[in-house]
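S.K.: Given the structure of chain B, go ahead and fit chain H onto it with the hints provided.
2 protein chains.
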Amino acid sequence: MAQIKPRTLSGFMELLPARQVQFDRMVDILRKSYSLYGFTPLDTPAIEASEVLLAKGGGETEKQIYRFTKGDTDLSLRFDLTVPLAKYVALHQNELTFPFRRFQIAKVYRGERAQKGRYREFYQADIDVIGDGALDITNEAEIPSIIYKTFTALGLHRFKIRVNNRKVLNGLFALLGLEAQAGDVMRTIDKLEKIGSEKVRAILVDDFAVPGEAADALLALLAAEDPMAALEPYQGKNQLFDQGVSELSTVVKYMSAYGVPEDHFMVDLTIARGLDYYTGTVYETVMLDHPEIGSICSGGRYDNLAEYYTDKQLPGVGISIGLTRLFSVLEAQGYLNDQMNTAPADVLILPMTEDLSPAISFATALREAGVRAQLHCEKKKFKQKLSYADKLSIPFAAFLGEDEIAQGKVTMKNLTTGEQQTVTPAEAVALVQASLAGLSGSVPIVDQP
Amino acid sequence: MAQIKPRTLSGFMELLPARQVQFDRMVDILRKSYSLYGFTPLDTPAIEASEVLLAKGGGETEKQIYRFTKGDTDLSLRFDLTVPLAKYVALHQNELTFPFRRFQIAKVYRGERAQKGRYREFYQADIDVIGDGALDITNEAEIPSIIYKTFTALGLHRFKIRVNNRKVLNGLFALLGLEAQAGDVMRTIDKLEKIGSEKVRAILVDDFAVPGEAADALLALLAAEDPMAALEPYQGKNQLFDQGVSELSTVVKYMSAYGVPEDHFMVDLTIARGLDYYTGTVYETVMLDHPEIGSICSGGRYDNLAEYYTDKQLPGVGISIGLTRLFSVLEAQGYLNDQMNTAPADVLILPMTEDLSPAISFATALREAGVRAQLHCEKKKFKQKLSYADKLSIPFAAFLGEDEIAQGKVTMKNLTTGEQQTVTPAEAVALVQASLAGLSGSVPIVDQP
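Residue numbers (our numbering), protein chains in the order written: chain B, 49 to 497; chain H, 49 to 497.
If you're looking for bench data, these hints aren't it; they were derived computationally from the structure. Some clues are possibly wrong.
Intra- or inter-copy, both count: the list cannot distinguish identical chains.
[To be verified] Pairs of lysine to aspartate or glutamate, DMTMM-like flavour, derived with a Cα cap of 25 angstroms: (1) K431 - E143; (2) K242 - D255; (3) K80 - D438; (4) K439 - D91; (5) K433 - D180.
Looking at chain B on its own, in the form it has when it is part of the complex:
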């Protein structure tokens, strides 16, 4: 038969089983963590009408999108989860209850040039709170708490959440007479960490005609040890600025009640997060030991989720984790927990008699008790069957020979310790459950060995 060489497209992540279990565990933890904050799961189609998905249009998005026709319908694969959310909320606005809190963990598609760490199909894990006309600042204050709880639940501890407020930045630009250059200034200060303050000053002054004095004032403020204190002298002169400072203060004030330790959180006035979309608090999250990776969880407050679809004012706040990229970074940096139980079963049952009924009944009893059991009835040597359990890291083997069956018992072998004991099925369940109690709670990430 003429054969085709099997391959997986470049830029598409496809994991081997043990890694997949770790990835899925991460997704489970995200779902659970988001649920604790009252977010409801959502699932929207991966394919949308192109005119709907590209309502906003423009730039990189249009170039990267997977777009095609079927029949005479112009279709596109979603490139993020925000545009489908905007469509969903606009379409179902009369059936939803606001504030509407949803999470969605799903694949999105971008036909980027393939390169290391770039994926064309990747998971985003998003949460958003959408208000009907208005949305209280406490929603913005809560976001760092969700980020903190989520990453620590995953096993990641060495990270810091940085927050800023776009009203503070825009108010500041107005106060410094830089309104005309606001966009350019914002983009330039975004580079501070990368190129340093001297180069930023040069660009501001030389390229964007920022007066030297204003540039110095701005850079001094951005470099302040205590940003909230440094903002004070500017207060009372610009309404937007004052509102931004008030919002930022509220976010800071409630951090401790929200359970975020001080060392996991900071105000960073240099964070801008793109240009037009965000209007209030913005968030970035960096790994302390790998700042070069950039932000692993970002987002912010916006005033108008669905203006391309509806006149209804839908302000919101949201964050997104690029899960596929994060996973690949964690794997590359050795952060994935190799001690995690990734076995497909807890017990591998090896029947040793011709009639398999007792072994099958034992498997059924284990499953009834919630223990994952697999029967190995292939025509293989005993040693090969044990090696199968070993390769898959299955923690227990169960032997059922004539003797065990006559006694109504089973011989359980702990494949980690080598310990072996002949017990009743009920005792076997207890044995496995006790041994797994420690394992099942194990987290997918380890950053503090």
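M.R.: For chain H alone, kept in the frame of chain B given last:
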């Protein structure tokens, strides 16, 4: 601003939040049920190279597939989960451990003509066991057990699993001298339930030149009350037939050890399941009260999973549930459990003081204890906030006024019973957990009111 009318494409399921929670619960139960049998989760790309996905080629598939180019790459969206599995196993054969047991619950795409109950994007929930060169019959015997446990875990009880064996059918055709017409005969007897035995006989005799005697013998066998007994007289004359009967007997023999009650299982010699692919046991599952829906879980044994990609012989057995269609049928027939807790949160916290710290700390404490909590701090009237909880079926409201805060307590209102009590945060956790213990176990389907 020029707006685009938001819409979701026809043939694409998009659920409102409460329904989505029910759908997700079904997926959770499937994952858990499959895991109990030692299947490991797999996730493959939704996009594959067209030449890989269409290696087998042919017929309906090519017409329905979503196929497009990006750059100069010819791409297609997967139309099932079996072809990607074949690719995966062929590609990673040296890294996998056989028998390889995987489940995958994911979306697939078929550009069919849109009609009621037909989806262009839909979830399939598949399991397969793949052997390396050989695969023991016990794997085929285990499948009805997985089907039984999965549907009962979902809350569905009124269904029956029907099994047959393709070797029995093919052996029988040989014994009756119908080898040349095997395909036509198989397709015709597949219609027995629909058109009745008289019409089937007429088609067999008139259209496919089946001798009347052979047609009568075949129809008598297919109609037998006790199929296993009816097969006996034919034994000892054809090797394939004998092997099929032996396999079918093994499947039947172990049903009770596998925990499948007799009334949920039957041998049905009329089940054929398509033509070329299956080579051993085949399965269908029908809802007793809705046979018109057809099989809700089907599959079978095959000898060669990946012959289009590799010379390696990879026999397997698998089943598939068309989850999106099943969900839509269950909803239409009123089988979805309206008593299920679909609320996004367990407790809605209503702060009644300016300083929100105590309310936020209470939310943090609830979440630490695994209770899903949402703060409602919007500028709305008290009554509107209670109505919000009501609309979302949130079971508890928590009030924190000056009095409660002074006492370090919180007033919990059970929104189902109206009962209200002022308790400590720890007591509040216990109260909610006790009340939810019954709810959280609730199943998504109810077929026995």
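S.K.: Each hint: holds or not?
M.R.: Against the structure, the hints:
1. With identical chains, the CA atoms of K431 and E143 are at most 25 angstroms apart between copies only, with a shortest distance of 20 angstroms across copies and 60 angstroms within one.
2. In this homomeric assembly, K242 and D255 come within 25 angstroms of each other (Cα to Cα) only inside a single copy, at 18 angstroms, whereas the closest approach across copies is 79 angstroms.
3. For the identical chains of this complex, K80 and D438 are inter-copy neighbours only, at 23 angstroms across copies versus 31 angstroms inside a copy, given an alpha-carbon limit of 25 angstroms.
4. In this assembly of identical chains, the alpha carbons of K439 and D91 lie at most 25 angstroms apart only when taken from different copies (21 angstroms versus 36 angstroms within one copy).
5. Proximity of K433 and D180 under a CA criterion of 25 angstroms is satisfied inter-copy only: 14 angstroms between copies versus 60 angstroms inside one chain copy.
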